[in-house]
Amino acid sequence: MNDLRLGAARKRLAESRDQEDAVEGLREIVGNFLGSEEIGLFRVDRRTATFHLFWSFGIDPEKYDLLRSLGDAGLRRVMRGECHIEHAAHERSGVMARVQAFVPLRCANQTIAVLAILRLLPQKVAFDRHDLELFKLLSDEAAKPLFGASTHSKLATEKPGIRA
Amino acid sequence: MSKKILVVDDSRTALMMEREILEKSTKYQCVTASDGQEAVEKAQQERPDLILMDVVMPRMNGFEACKMMRQQPGTREIPIVLVTTRGEEAYMEAGFQSGCNDYITKPVDGAELVALLQSYLGE
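From first to last, the protein sequence lines are chains V and D.
With numbering that gives the first Met the number 0, the residue at position 56 of the first sequence is 55, and numbering never jumps.
With numbering that gives the first Met the number 0, the residue at position 9 of the second sequence is 8, and numbering never jumps.
Worth double-checking, as some hints may not be accurate.
What the hints assert, rightly or not - Heads up, simulated DSS-like pairs for lysine-lysine below, C-alpha to C-alpha not over 27 Å straight-line: (1) D/K66 with V/K10; (2) D/K26 with V/K10; (3) D/K23 with V/K10; (4) V/K135 with D/K23; (5) D/K23 with D/K2; (6) V/K10 with D/K3.
Derived from the structure by calculation, the hints contain no laboratory data.
This structure is a prediction, so every number in the text was calculated from the model and none was measured.
Let's have the full structure, built from the sequences with the hints guiding it.
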């Protein structure tokens, strides 16, 4: 069944008509398959070494600070191309604390954007191994439909080693 | 003759996934609609054996579509399973009051979905 999910996500991204449709596809994939309706998509500005909110859903972008959520270690991981996942923990009240995932979206071997998944739906307790496979797919295949071939060609000529 | 399921969702990703599950894991025939209004029309035309329907959709949501189908003689008896991201009790109660037979939450587990459909339609 997980193969079907990965196949559907891959097909949806590949069939995106334009950037707006690709963003909608990403929202659908995260909502339907990963169980979250609180999402932020941040672009990495390699020139100024900063992140800029590109799009969000279900969060207050004014109050959200990606770098604080990620922390230094998390930031280094996503810039290296690894997912950074904060696992579930019970709060004192017994309510599950926030489960967050930060997925680097890669193009030409560089992280060009970060998908932040900020809270799971109440019926979903944690990410599982199938979700990790979907993160990998998004990391490898979402950047192109979202940000286009121009990013790829631009990055191919950029010098490596700059980090946000 | 294979049983027919009307799958309704405004998300192309969800439609794609649910259709794949049905085609790969069952012998049911699948027809689709992308909002509640289209679902009401398709249900009248196609007379499916079961309707699997999202709740939050444009034009007409799943609750409204469910109520409307329950008022029409041709669709009154068709089992309706609502699928949604909202798992709160009050929301589920609203679903049952609209006339649905079952209610499942996203993310949908494929094996559970197939088992649920088979409980209504057989294999």
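Cross-check of the supplied hints:
1. With a C-alpha separation of about 34 Å, the suggested pair D/K66 and V/K10 falls outside the 27 Å cut-off, and the hint is violated.
2. Under the criterion of a C-alpha separation no larger than 27 Å, the hint pairing D/K26 with V/K10 is consistent with the structure, at around 23 Å.
3. This hinted pair checks out: D/K23 and V/K10 have alpha carbons roughly 16 Å apart, not beyond 27 Å.
4. Restraint check for V/K135 and D/K23: the C-alpha separation of about 24 Å stays at or below 27 Å, so the hint holds.
5. For the suggested pair D/K23 and D/K2, the alpha carbons sit about 15 Å apart, so the restraint of at most 27 Å is met.
6. Taken as a hint, the V/K10 and D/K3 pair is honoured in the structure, with Cα atoms around 25 Å apart against an allowance of 27 Å.
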